[in-house]
Amino acid sequence: MFTLTAENLGKRFGERKVFADISFELSTGDSLAITGPNGSGKSTLLMLLLGYHHATRGEVHFREEDLPMSESRIRACASLVSPYLNLYDHLTGEENLTFFATVAGGHVAGKRIDELLRMVGLEGRGVDMVGAYSSGMKQRLKYAAALLNDPAFLFLDEPTSNLDDRGKDIVASIVEEYRRKAIVIVATNEEGEVSFARQHCRLGQ
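Taking my numbering, the leading residue of the sequence shown gets 405, the next gets one more, and so forth.
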């Protein structure tokens, strides 16, 4: 069992207050949608939870079986899908997945790569250069990369960005699977994406 707790989180950039007093507690099987107007701090909150930003006030706690998790353990158990994450156009889809697995300190075999590509609807396209992918195909490859470690914490920023109806269905299926066995946090203003989560946190109120 994993838990993620936010206690009275606040963030400022200089004199500008982004958000304040954000608190929640999630356990394996819980999901949360973060919504709010543009500039309200949705992506900033995700980055803060993942440790890429520091909170101006408040604390974030990751626990596994009620024990605090180390930073390296959190990195091994958490994945992010975001429009701002970069893929490598000069590598194939398979090579991108192999690279990301290696950077994370792991290893991925051909069978697992085939499974992931099939899961995101890119079967048969893994040998193609990512530079030749459409924007929707790149978004789906990001999901394959995020699922390499079968994450216990799945963070999704604008999860269906650039996707057609088939791609959205694929993402909905992935989210449904991980809502049952992981903690899923979605940052979005799309009504269909809000429905991915069972709980709701609105910023900028």
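These aren't lab readings, by the way, just hints derived from the structure by calculation. All figures in this text were calculated on a predicted structure; none of them were measured in a lab. Misleading hints may appear alongside valid ones.
As the list claims (entries may be wrong) - Restricting the straight-line Cα-Cα distance to at most 30 Å, the calculated cross-link-like pairs of lysine-lysine (DSSO-like) are:
id, residue 1, residue 2
1, 572, 515
2, 542, 515
3, 542, 572
4, 515, 585
5, 585, 572
6, 585, 542
What the hints assert, rightly or not - FRET-style restraints, in silico, Cβ to Cβ:
id, residue 1, residue 2, range
7, 493, 573, 22 to 32 Å
8, 602, 531, 20 to 30 Å
9, 514, 493, 14 to 24 Å
10, 418, 532, 39 to 49 Å
11, 533, 441, 18 to 28 Å
12, 576, 514, 20 to 30 Å
All residues carry an ideal CB built from backbone N, CA and C; glycine is no exception.
*Checked against the structure, which of the hints given earlier come out wrong?*
8, 11
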